[in-house]
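J.: The lines below spell out each chain.
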Amino acid sequence: MGYVAIKGGGRAIEGSHAAVEALRTAEGESGTPLTLSTIEHQLRLLTSRVVSEGGLYHPRLAALAIKQMQGDTLEAAFALRAYRSTKPRLLEMPVQDTSNMRLIRRISSAFKDIPGGQMLGPTYDYALRLMRMDLADESPQAFRSVAKRFRQAQPDADLPDSFPKVLDALRADGLLPPLTPRAGEAFDITREPLVFPVPRSAALATMARAETGSLLAIAYSNMRGYGDVHPTIAELRVGYLPVMLPHPVTGELTEAGEVLITECEVVAMYEGSDNDAPPVFTLGYGACFGHNEVKAIAMAILDRALQKGMRDGPSNPSEDPEFVLLHVDGVDSMGFASHYKMPHYVTFQSDMDRLRTTQEKAASGEATSSESADTQGVKA
Amino acid sequence: MSPGYELPTDEAAYSFGFLDEYAKREVRRCILKAISIPGYQTPYASREMPMGRGFGTGGLQVTLSLIGPGDALKVIDQGADDSVNAVNLRHFVELTCPGIDTTESTQQATLIQSRHRIPEVPLTEAQVLVLQVPYPDPLVLVEPSEARRKVMHGEGDYSRLLTKLYEDLVHFDEITIAHRYPTRINGHYVIDPSPIPRYDVPQLHQSKALVLLGAGREKKIYAVPPYTNAEPLVFDDVPFRTEDFDDASGKRRACACCGATDSFLDEIIQQGDAPTRWQCSDSDYCNQQLAQRQAMKQENT
Numbered sequence: 001m002g003y004v005a006i007k008g009g010g011r012a013i014e015g016s017h018a019a020v021e022a023l024r025t026a027e028g029e030s031g032t033p034l035t036l037s038t039i040e041h042q043l044r045l046l047t048s049r050v051v052s053e054g055g056l057y058h059p060r061l062a063a064l065a066i067k068q069m070q071g072d073t074l075e076a077a078f079a080l081r082a083y084r085s086t087k088p089r090l091l092e093m094p095v096q097d098t099s100n101m102r103l104i105r106r107i108s109s110a111f112k113d114i115p116g117g118q119m120l121g122p123t124y125d126y127a128l129r130l131m132r133m134d135l136a137d138e139s140p141q142a143f144r145s146v147a148k149r150f151r152q153a154q155p156d157a158d159l160p161d162s163f164p165k166v167l168d169a170l171r172a173d174g175l176l177p178p179l180t181p182r183a184g185e186a187f188d189i190t191r192e193p194l195v196f197p198v199p200r201s202a203a204l205a206t207m208a209r210a211e212t213g214s215l216l217a218i219a220y221s222n223m224r225g226y227g228d229v230h231p232t233i234a235e236l237r238v239g240y241l242p243v244m245l246p247h248p249v250t251g252e253l254t255e256a257g258e259v260l261i262t263e264c265e266v267v268a269m270y271e272g273s274d275n276d277a278p279p280v281f282t283l284g285y286g287a288c289f290g291h292n293e294v295k296a297i298a299m300a301i302l303d304r305a306l307q308k309g310m311r312d313g314p315s316n317p318s319e320d321p322e323f324v325l326l327h328v329d330g331v332d333s334m335g336f337a338s339h340y341k342m343p344h345y346v347t348f349q350s351d352m353d354r355l356r357t358t359q360e361k362a363a364s365g366e367a368t369s370s371e372s373a374d375t376q377g378v379k380a
Numbered sequence: 001m002s003p004g005y006e007l008p009t010d011e012a013a014y015s016f017g018f019l020d021e022y023a024k025r026e027v028r029r030c031i032l033k034a035i036s037i038p039g040y041q042t043p044y045a046s047r048e049m050p051m052g053r054g055f056g057t058g059g060l061q062v063t064l065s066l067i068g069p070g071d072a073l074k075v076i077d078q079g080a081d082d083s084v085n086a087v088n089l090r091h092f093v094e095l096t097c098p099g100i101d102t103t104e105s106t107q108q109a110t111l112i113q114s115r116h117r118i119p120e121v122p123l124t125e126a127q128v129l130v131l132q133v134p135y136p137d138p139l140v141l142v143e144p145s146e147a148r149r150k151v152m153h154g155e156g157d158y159s160r161l162l163t164k165l166y167e168d169l170v171h172f173d174e175i176t177i178a179h180r181y182p183t184r185i186n187g188h189y190v191i192d193p194s195p196i197p198r199y200d201v202p203q204l205h206q207s208k209a210l211v212l213l214g215a216g217r218e219k220k221i222y223a224v225p226p227y228t229n230a231e232p233l234v235f236d237d238v239p240f241r242t243e244d245f246d247d248a249s250g251k252r253r254a255c256a257c258c259g260a261t262d263s264f265l266d267e268i269i270q271q272g273d274a275p276t277r278w279q280c281s282d283s284d285y286c287n288q289q290l291a292q293r294q295a296m297k298q299e300n301t
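If you read the sequences in order, they're chains S and W.
Mind the numbering: the first sequence is residues 1 to 380 in my numbering, read in order.
Mind the numbering: the second sequence is residues 1 to 301 in my numbering, read in order.
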């Protein structure tokens, strides 16, 4: 190791790290350090958000990032993303079939009854947001018995392993355009920069790891009137997707594991097509790692809005691929917002130089113009 | 989520230079393209680094792709080696690149990564300067869409930028762009030279050292190759002006530390009624001047 140059700045950073660590452990003697398992399970939606925005399905590492960053989702997702940078890409994933998902929840707001049935599953949608005071002082015994009782009360698996997709029924009815097999590989945003115009697969990949709030804000602008998607959720499903990879020796597709994902398909009002084909509904697709329903819905709406923008030219921010895709990444946006805290002495010096010079010029300009006004007055 | 997952055990075993070898090779290829087309913003798949976007991740990826054993790295921020961000970046490179040297001396460095300044001492052919870039495109001042800006660059159409400069002259009798001054490279592409002060722009012109500019968040790398023209965008009858360090009487201010009257100065506001202090922004230059002056003093006594 060579000569290490450290001065005041280095000491300040060390001190700051120590202060962060002191706050993380500020409960002191009475504190219990969070275990990664606790975070992963009891804060599962937080973990979901971080694996999704981090773009790396590793719930345990996500839990570690959450612990380390003291619950900051942006920072935690960022740490996961930086970890991902150190890993090479091993192979091109074949398309995964989400009709094979082992579901924990699936709903359709388009149809009262859907093939396979609606399954509300775990959701806060119909919960009253009243404070549950009993949780404030929960005993470990009570806590441990809940899941056990739930499992005992469930009838033993009459549930099928997978459910048909609502869209397939719509497609069979001719309400949706037929599937056209996509030629060529999907755009890999981790290996290629976005140079506009970009294909839809690049847009989908960018949104799948976008920051939830950013995606929601832009999608909401479309819902409220800066756009006209008017979506209906054909199907929203949450569950474990078996990941099928080619076997390294035989090349045969083999289940390598499973990832928890949320998938949302919206249909929007039909559009007359240019040619003579009959009018059909249009589709928007959203999917992301983890259990993040709002994110998947926002993404599906934006996918539909962006498809319109790509075809007809954007008439709203939410339809403009550059506007949406370059501003929804949490790592990019939070990093740049944070960087303003860094020293800007030199550029500010430069700014002051310009301001002083123009101020001086304005002052001397006023002086000369009032002089010339005086002269003109005399002449008149 | 499944309890079956284990934490990766190879966390400590980050590869040399943090990024995997494929990523570094990709960055090097983009650098070659950038050098071949001076001033062209070469897109690349910028990786997420373990520090914030905007903190120099673009420059860092360039540095990490180029650095190897035998290199001496200097990292500065605002001209200073001990600025918090410079310390942080240097520490990270030391951590992930065992066997390299770091230095504060401009002359001893083979690779210099900098934010907002070019060292005062002219660089040599043996050196590479890496500048960190927040906004790679000077046309962003006049055109928000990247797709349209790309066409304008290709056609060498900088008319709207020149119009902006002209409007400044009409409004203020002075071009108001303080830093990030649009600079034409090799007679075609106009670049944003990163937020260096106007004072530093002439250093780019016919520089002996290769200058690489890396924008991590915006995913672009561009270059000013050695011995290449770099001309700030101006009008024939309006000369390019660098920051003014003359006092009220028209005398060039001197650094309060080393007495130099030929360096970019930081203005340091003092408490109370004490007069403002001026000090070299390039800390290594300041130290060297100081050492020289002290040596001369000792000789004289």
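The hints are simulated quantities; they were obtained by calculation from the structure and are not laboratory data.
Built from N, CA and C at the ideal position, the CB exists for glycine as well.
Treat each hint with caution, since some may be false.
Stated by the list, open to error - Stretch by stretch, here's where chain W covers chain S in the computed footprint (C-beta under 8 Å, at least three residues):
id, segment
1, 84–98
2, 103–117
3, 124–138
4, 294–307
What the hints assert, rightly or not - In the DSS-like style, the derived pairs of lysine-lysine whose C-alpha atoms are separated by at most 27 Å in a straight line are:
id, chain 1, residue 1, chain 2, residue 2
5, W, 150, W, 164
6, S, 67, S, 341
7, W, 297, W, 251
8, W, 33, S, 87
9, W, 150, W, 33
10, S, 361, W, 164
11, W, 24, S, 87
12, W, 24, W, 150
13, S, 87, S, 67
14, W, 33, W, 164
15, S, 361, W, 33
16, W, 24, W, 208
J.: Now tell me, hint by hint, if it's right for this structure.
T.: Each hint, compared with the structure:
With 6 residues having a beta carbon nearer than 8 Å to a beta carbon of chain W, the segment 84–98 of chain S meets the requirement of three or more and the stated coverage holds. Only residues whose C-beta sits within less than 8 Å of a C-beta in chain W count toward coverage, and the segment 103–117 of chain S has 0 of them, not enough to reach three; the restraint is violated. Coverage of the segment 124–138 of chain S by chain W is violated in this model, with 0 residues showing a Cβ closer than 8 Å to a Cβ of that chain against a need of three. Requiring three or more residues with a Cβ within less than 8 Å of a Cβ of chain W, the coverage given for the segment 294–307 of chain S is violated, as only 0 such residues are present.
For the hint linking residue 150/W to residue 164/W, the alpha-carbon distance of about 19 Å falls within 27 Å, and the restraint holds. For the hint linking residue 67/S to residue 341/S, the alpha-carbon distance of about 24 Å falls within 27 Å, and the restraint holds. Taking the CA atoms of residue 297/W and residue 251/W, the gap is near 24 Å; set against the 27 Å cutoff, the hint holds. In summary, the hint linking residue 33/W to residue 87/S is supported, as the alpha carbons are separated by about 25 Å, within the 27 Å threshold.
Between the alpha carbons of residue 150/W and residue 33/W the distance comes to roughly 16 Å, so the proposed pair stays at or under 27 Å and holds. Proposed proximity of residue 361/S and residue 164/W is supported: the alpha carbons are some 19 Å apart, at most 27 Å. The hinted pair formed by residue 24/W and residue 87/S meets the criterion: a straight-line CA distance of about 12 Å does not exceed 27 Å. Our distance criterion of 27 Å between C-alpha atoms is met by residue 24/W and residue 150/W, whose separation comes to about 26 Å.
For the hint pairing residue 87/S with residue 67/S, the CA-to-CA distance comes to about 22 Å; that is within 27 Å, so the pair holds. Annotation: proposed proximity of residue 33/W to residue 164/W is violated, straight-line Cα distance about 30 Å (limit 27 Å). With a C-alpha separation of about 44 Å, the suggested pair residue 361/S and residue 33/W falls outside the 27 Å cut-off, and the hint is violated. Only pairs whose Cα atoms come within 27 Å are accepted, and residue 24/W paired with residue 208/W is accepted, the gap being roughly 25 Å.
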